[in-house]
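With chain X fixed as given, assemble chain P onto it according to the hints.
Protein chains: 2
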Amino acid sequence: MRIAILGCGGLGKAAAKMIEQKEEITLVAVCDKDGFLIQEEGIDPKIIYNLSPQQSITEIGKASEDTIGEIIKASKNIDGILITLPNLPNDFIPSIATRFVENGFEGAFSDPLKRTQAMQIMFTKDELFKKSKSTYLSGTGATPGLLSAAAVLASQSFIKVEKVDIFWGVGIENWEEYKGTIREDIAHLEGYTPEKAKAMSDQEIKELLDKTDGKLEFHNMQHADDILLQKVGVIETLDQCTVGGIMDTRSSKKPVTTTMTLTGKTFDGKTSSHKFMLGDETTMAANVLGPALGYLKRAIWLKQHNIYGIFGSTEFMPMVVK
Amino acid sequence: MRIAILGCGGLGKAAAKMIEQKEEITLVAVCDKDGFLIQEEGIDPKIIYNLSPQQSITEIGKASEDTIGEIIKASKNIDGILITLPNLPNDFIPSIATRFVENGFEGAFSDPLKRTQAMQIMFTKDELFKKSKSTYLSGTGATPGLLSAAAVLASQSFIKVEKVDIFWGVGIENWEEYKGTIREDIAHLEGYTPEKAKAMSDQEIKELLDKTDGKLEFHNMQHADDILLQKVGVIETLDQCTVGGIMDTRSSKKPVTTTMTLTGKTFDGKTSSHKFMLGDETTMAANVLGPALGYLKRAIWLKQHNIYGIFGSTEFMPMVVK
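Quick note, the sequences are listed as chains X and P, same order. With this note's numbering applied, the first sequence covers 1 to 322. With this note's numbering applied, the second sequence covers 323 to 644.
Footprint (simulated), chain P over chain X, 3 or more residues, beta carbon under 8 Å:
1. 10-23
2. 138-151
3. 229-242
4. 265-277
5. 285-294
6. 316-322
Listed next, the in silico EDC-like pairs over lysine to aspartate or glutamate satisfying Cα-Cα at most 16 Å (straight line):
7. K592/P <-> D280/X
8. K322/X <-> E558/P
9. K398/P <-> E428/P
10. K322/X <-> E484/P
11. K22/X <-> D590/P
12. K592/P <-> E281/X
13. K587/P <-> E20/X
14. K575/P <-> E603/P
15. K275/X <-> E162/X
16. K160/X <-> E346/P
17. K22/X <-> D44/X
18. K587/P <-> D280/X
19. K453/P <-> E424/P
20. K265/X <-> E603/P
21. K482/P <-> E24/X
22. K587/P <-> E484/P
23. K482/P <-> E20/X
24. K644/P <-> E236/X
25. K537/P <-> E498/P
26. K270/X <-> D602/P
27. K344/P <-> D268/X
28. K265/X <-> D602/P
29. K206/X <-> E173/X
30. K597/P <-> D280/X
31. K482/P <-> E23/X
32. K575/P <-> D268/X
33. K644/P <-> E162/X
34. K253/X <-> D590/P
I should point out that these hints are in silico values taken from the structure, not numbers from a laboratory. Yeah, the Cβ is synthetic: ideal placement off N, Cα and C, and Gly gets one too.
Bound-form chain X, shown alone (with noise of 0.2 Å):
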């Protein structure tokens, strides 16, 4: 698989890092918002995760005022596209992906994309996607993704599902690793919203993060599991499950155990929980761009089976990569 990385922060490096350990995958383009760098032959993951948060793309690669446009241009040589780009403001990722289909790319494209809202205009593009022979699988991280999908596959032991419930811990050591993700969690708090969060300096999220001890802790967030399982039939209205979390800044340890609880009851006129729990040893990293991956790789195989459109993780199963 010849893949491209959309956003090189934190997410587009952790996934340079893990290609770099993927034989099945050749990195053959990368971009942030200054530069870019296009290597058919493949680009070495090395000099991607070793710039500092710091550095621009520019610096190993070209500048360039539509980074994205000239990834475009290189597309003929590219299976399959992870976007790992801050979905701020929620049409940012919709717009960039039905760029790359409008200009003739046909391809793969997984995206881990979190926000409710975003997750809605992405799927009004299905069709496009359709026309241009183009399959692309969103909400592949960890939430939507790996836990939507583990609610799938317990739904399956209930005749009727009464609520998925996803709590996850994430602890990292320093935010400023993260910068994208933490704004876009930021965006769930109260009082805030995905652009208020973008427009906030790196020292007002300091700040914000002192006064908290650099926890933040989230209840009802709009995180789209709740249309992704209503989609494939798993809830029937959207209340039905949550999504929230503790999120650490100042520490790796995770706060709290990422677990997905989805209660129902059987045939048999049970009530019962199924609960799928990660291992709090695994970073964000890890349980996000490990399913960003599997589901490229089913993108792509779906697109080899002429099966074209926008569909959520909760449809398919990612596929291992090696």
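Chain P in isolation, oriented as in the chain X frame:
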């Protein structure tokens, strides 16, 4: 979905009870070894699950010396076949499935097959099913099935999987409800074979159970989870997957919580374990037949998308059946 149930023991009857609660499914054919019942307009599931363990389908349908042959004759009207026959000996289910496609059936199959050797025989039929434009999903119960699919999901977070451990607990009040299943399980005990277990009289099974206060404990079972996980690349060698369990045949309370534990190493060097745990109140029937019907819907979907052949339950997501 117009479906047929082959085999009307404890699992077949429970499947009928589950189907009664599924709007999307019409039951059009059922058989056991002595009798069959075919009704194009739909069979009332009640008349199936109300049969006692001592009654045969001949009491509500017709007798035949070749009940499978009778279902095959009517198979133009069938979209999907759920196989709930006891798989003794190992080539029994593969031979029945093969008969269907050799006699012109084009459709979908789901089979909660468990034993490794039986599954290996099944996979040798792949070409035949591809040519016959039929799609067969195998190992679609709880384990393999629900738990091995959960292992595929869990593996996504890891660069290298070290071990998959599946340990199940089953509690049933009366072993006679699941005579076929219990015999299949006994075949896994040291000193037993599928042939020997099949030849045991009910009295001999009772005596065996009396010795252990109704409990049977299994380690290193020949469960096909191993080959299904190897097929998709989650594990490299079969010994990386172990399956065991404890069955209590005298209480519906589970003696142990059914748990899949996958241990691996992440791209960033951490060793950790993800877990998938089934609620103690959920019965074997709920955890086997829910997935089996979800995979049958997926098999029908795959056939509709021209994807034919024999596949394992680790390769696709089961679908939600309303």
